[in-house]
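Colleague: What follows is each chain in one-letter form.
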Amino acid sequence: MDVDPIPATPISKVLGLIEILDDKGGKESIYSLGKELNFEFGELLAVIKAGEILGFVETPGAKVQMTKLGKKLIEGDINQRKIIVKEQLKKLSLFKYFINFLKKLHNRSIPSEIIMEEIALHLPNENTESIFKTMLDWGRYGELFGYNSDSDIFYLDSE
Amino acid sequence: MGLLKLENISKVFPHARGFLKAIRDINLEVKEGEFVTIVGPSGCGKSTLLRIINGLIPPTEGRVFYNGKEQKGINLDCAMVFQTFALVPWLTVFENIELALIPRGLSKEERVRKIEFYIDKVGLEGFEEAYPRELSGGMKQRVGLARALAVEPKILLMDEPFSSLDALTAINLREELIDFWNDPQISLKTIIMVTHIIEEAVELGDRVVVLSPHPGTILDDIRVDLPRPRDKMQNGFNEIVNKIFSIIA
Chain A
1 MDVDPIPATP
11 ISKVLGLIEI
21 LDDKGGKESI
31 YSLGKELNFE
41 FGELLAVIKA
51 GEILGFVETP
61 GAKVQMTKLG
71 KKLIEGDINQ
81 RKIIVKEQLK
91 KLSLFKYFIN
101 FLKKLHNRSI
111 PSEIIMEEIA
121 LHLPNENTES
131 IFKTMLDWGR
141 YGELFGYNSD
151 SDIFYLDSE
Chain B
160 MGLLKLENIS
170 KVFPHARGFL
180 KAIRDINLEV
190 KEGEFVTIVG
200 PSGCGKSTLL
210 RIINGLIPPT
220 EGRVFYNGKE
230 QKGINLDCAM
240 VFQTFALVPW
250 LTVFENIELA
260 LIPRGLSKEE
270 RVRKIEFYID
280 KVGLEGFEEA
290 YPRELSGGMK
300 QRVGLARALA
310 VEPKILLMDE
320 PFSSLDALTA
330 INLREELIDF
340 WNDPQISLKT
350 IIMVTHIIEE
360 AVELGDRVVV
370 LSPHPGTILD
380 DIRVDLPRPR
390 DKMQNGFNEI
400 VNKIFSIIA
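Line by line, the protein sequences give chains A and B. Heads up: the first sequence runs through residues 1 to 159, numbered per the working numbering. Heads up: the second sequence runs through residues 160 to 408, numbered per the working numbering.
Bound conformation, chain B alone (with noise of 0.2 Å):
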C-alpha cells in the first residue's frame, strides 16, 4: 500500500435546491516520493480533495488510509499551501511561519532553529520583519511555502499554488519547488498539488490525475516520465499536454 489511499471518496454539500456532489467515488493512491498534480476545470472538487485528505474535512463516502491506517481528523503530517497565501496580515515573515509550529509543542529555540533554516531555503533571508503587504505575490508565496515546509510534512499538499501569481513569478517559483523537493536537506518526499492549468500538473507532476467536473470523478490518471527540469519546448510536452486536454474537453 501507498503511503496515503483514498477509497471510493464522495462529498455532498448541503445546498439551496437540495445537495451538491462535489466529488465522486475517487480512488487515488500516492507512493512516498511522488509528486502528484491533480488537474480539472474550475468547480470539479479539486480543493475538496485536497481538504479530506488533510482532514480539514470529512468525506460523505469513503475512506482515507494514511501509512496503512485509516485516518479519522486532521492529519498532522500533512502542510496546506494555499492559492491565496493566507498570512496573518498583522504578522511579520518570521511569526506567520512561527504560527505554524507553536501547536507542535516545540521550544522557542527549536522553532527559531528551524524558521532560520526554511527562511534561508526559500530566500526569504533579508524579509523576516517584513509584514505581508510589504511583500510582493512571489514573496508571500514563499512564506505560505516556508510555513508549511517548517512543519516538516509528510506530505505537502498544494491548493493552486501559482494562480494568484502573474506568470513571470509563477516560472520562478515552480523551477524553485522542484529544488525543494530535489533538496536533500529538507525532508519533503511526497506532493499532491491541484491546479487547473494542465501545462504546469505536466511541468511538475510524475503523475497527472484528470478531473471530471460536476461531480469530480477521476477520468485518467496520466504518468510523466519526461526528465526534468521540463518545458514546453521539450519533446514529447505538448503530446501530453494534448492528451489531457482532450480527456477534459
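Next up, chain A with everything else stripped away, as it sits in the complex (with noise of 0.2 Å):
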C-alpha cells in the first residue's frame, strides 16, 4: 500500500488557519498572510498543505481558499470539529494503514518502535520522528489514536 506523508504542523495551527480565513472572507492571498501572520515562508505552506490534505483548504493559485467542509469545522463546537477532522484523518493513507496495521493486532496496540520502523520503511525519505509526531497529535485529536510513553505504547483509540 502506497503511504503518503503528512506536513509536520500541529493540528492547531491548521484550525487557526481555518479561522484567520473565515475572519477574511474565506480567502486570502498567501503571501499577505504570511506577512500578517509573521511565519516563515515554508513554515506557513506545511499549514496550508496540512489544512488543503485534510480538505479544509484549496490553493488556486497563490492564494488560499476555505472549502465548504472548513466552513462546516469551523462553524461547529470542539466536539463537532474533532468529529469531522477524524473523518478527514480516515481518508489519508497514512492514517488508513495504521488503522488497518493496529486492527490486526490483539489489543489493537503495539509498541511506537515499530510504529517508527513503519514508517521509516514506508517513507524513507521523511523524518520518522517528525512523521510520528504529527500523526499523533493529529490522531489524539481525531481521538483515533491514542500512545501511552509510560509503556511504550501506540494503540487504536476508536474508529
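Rather than coming from a laboratory, the hints here were simulated on the basis of the structure. Ideal Cβ placement from N, Cα and C applies to all residues, glycine included. One thing to keep in mind: the hints can contain errors.
To be verified - The calculated BS3-like cross-link candidates involving lysine-lysine, where the alpha carbons are at most 30 Å apart (straight line), are:
no., chain 1, residue 1, chain 2, residue 2
1, A, Lys49, B, Lys391
2, B, Lys190, A, Lys71
3, B, Lys402, B, Lys190
4, A, Lys35, A, Lys24
5, A, Lys72, A, Lys24
6, B, Lys391, A, Lys27
7, B, Lys190, A, Lys35
8, A, Lys49, A, Lys90
What the hints assert, rightly or not - Calculated from the model, a selection of chain B residues having no Cβ within reach of chain A, i.e. all distances over 10 Å:
no., residue
9, Gly214
10, Thr219
11, Lys280
12, Gly285
13, Ser323
Hints given; two lone chains; assemble the complex.
Modeller: In C-alpha cells, the structure reads:
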C-alpha cells in the first residue's frame, strides 16, 4: 500500500488557519497571510498543505481558500470539529495504513518503536520522528490514535 | 458594588538601588460577567496586578474587595492561566488538571467527573495520558485552561495566555475562549486578562483598561461595544486600537 507523508504541523495551527480565513471572508493571498502572521514561508506552506490534504482549504494560484468543509469545521463546536477531523484523517493513506495495521493486532496496540519502523520503511525520505509526532497529534485530536509513553504503547483509540 | 473592587492599590518591591514602584493608585471595579482586558507595555505591572487580585502577593497600599468584603490572602474563587502554561512535566494531562482539584477536598469520583467534563469542553479528549513534552503549545495552553476551569472559578485570571503561542494557534484559542465564556454549561462568567497586544485586548474585552509603564497607573478604561466575534476587518475595530495606541504612545 502506498503511504503518503503528512506535513509536520500541529492541528492547532490548521484550525487557526481556517479561523483567519473565515475572518477574511474565506480567502487570502498566501503572501499576505505570511506577512500578517509573521510566519516563515516554508512553515506557512506546511500549515496550508496540511489544511489542503485534510480538505479544509484549496490553493488556487497563490491564494488559499476555505472549502465548504472548512466552513463547516469552523462553525462547529469543539466536539463537532474533532469528528470532522477524524473523518478526514481516515481518508489519508498514512492513517488508513496504521488503522488497518493496528486493527490486525491483539489489543489493537503495539510498541511505538514498531510504528516508527513502519514509518521509516514506507517513507524513507521523511523524518520518521516528525511524522510520528504529527500523526500522533492529529490522531489524538481526532481520537483515532492514542499513545502511552510510560508503556511506550501506540494504540487505536476508536474508529 | 461589583464582584471585584481594587481601591488605591500600589505595590513596591525592594530593589538594589532602593525601591521599585510597580503599580500606583489602581482603582478598578469589575462586575460579574464582564470580560476585562488590561493592556500596557512591558514593565507596567500588569502581572503584578493579577497576582494581587488572586492574593498571591499582598499590595503595599490599598485594599481588594471581593463580593463586598475585603479580601486578604489567596482568593480561592480565582484561577490563573499562565503565559508559560505552568504544567508539571512529569504529570500527564489528566494529572495536571487533577493537581488543581486535590486541595479542594473533592472525592476521587468527583475529581474524575470534573476532569472528564473539562477535558471534553476544551477539546483535550484523546490527550489525557499525554505528558506536556508530547504536546504542541496550543494543546499545552488548553491544559492550562482546563486546569483553571476545573476549579470552577468565579473569576478567571489570564496572564498573557497567548503570548507564547504562534499567531495561528493564538487565533484559534482566542476564538475558543469566547466560546467557553458563552457556554451555558461552563459556570465561568468573569474574566480578567492581561496582554501587551492591543488588538487582542480589543478583540476579547468588554472593557480595555490601559496602563502606563513604570509605575503602572490606569490611563484610561475604554468600553468596547463591538459585536462578537470580533476581528480587525470589523467597522470601528481599528479606531479603538488606534485610540489605545495613542494613549500608550
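Colleague: None of the hints should be skipped; say for each whether it holds.
Modeller: Evaluation of the provided hints:
1. Lys49/A x Lys391/B: Holds. Lys49/A to Lys391/B sits at ~25 Å (cutoff 30 Å).
2. Lys190/B x Lys71/A: With Cα atoms ~35 Å apart, Lys190/B and Lys71/A exceed 30 Å; violated.
3. Lys402/B x Lys190/B: Holds - the C-alpha atoms of Lys190/B and Lys402/B are around 24 Å apart, at most 30 Å.
4. Lys35/A x Lys24/A: holds (15 Å)
5. Lys72/A x Lys24/A: With Cα atoms ~16 Å apart, Lys72/A and Lys24/A stay inside 30 Å; holds.
6. Lys391/B x Lys27/A: Answer holds: Lys391/B to Lys27/A is near 15 Å, not above 30 Å.
7. Lys190/B x Lys35/A: violated (39 Å)
8. Lys49/A x Lys90/A: Roughly 17 Å separates the two Cα atoms, so the pair holds.
9. Gly214: holds (32 Å)
10. Thr219: holds (39 Å)
11. Lys280: The assertion about Lys280/B is violated, with a minimum of 7 Å to chain A.
12. Gly285: violated (4 Å)
13. Ser323: holds (13 Å)
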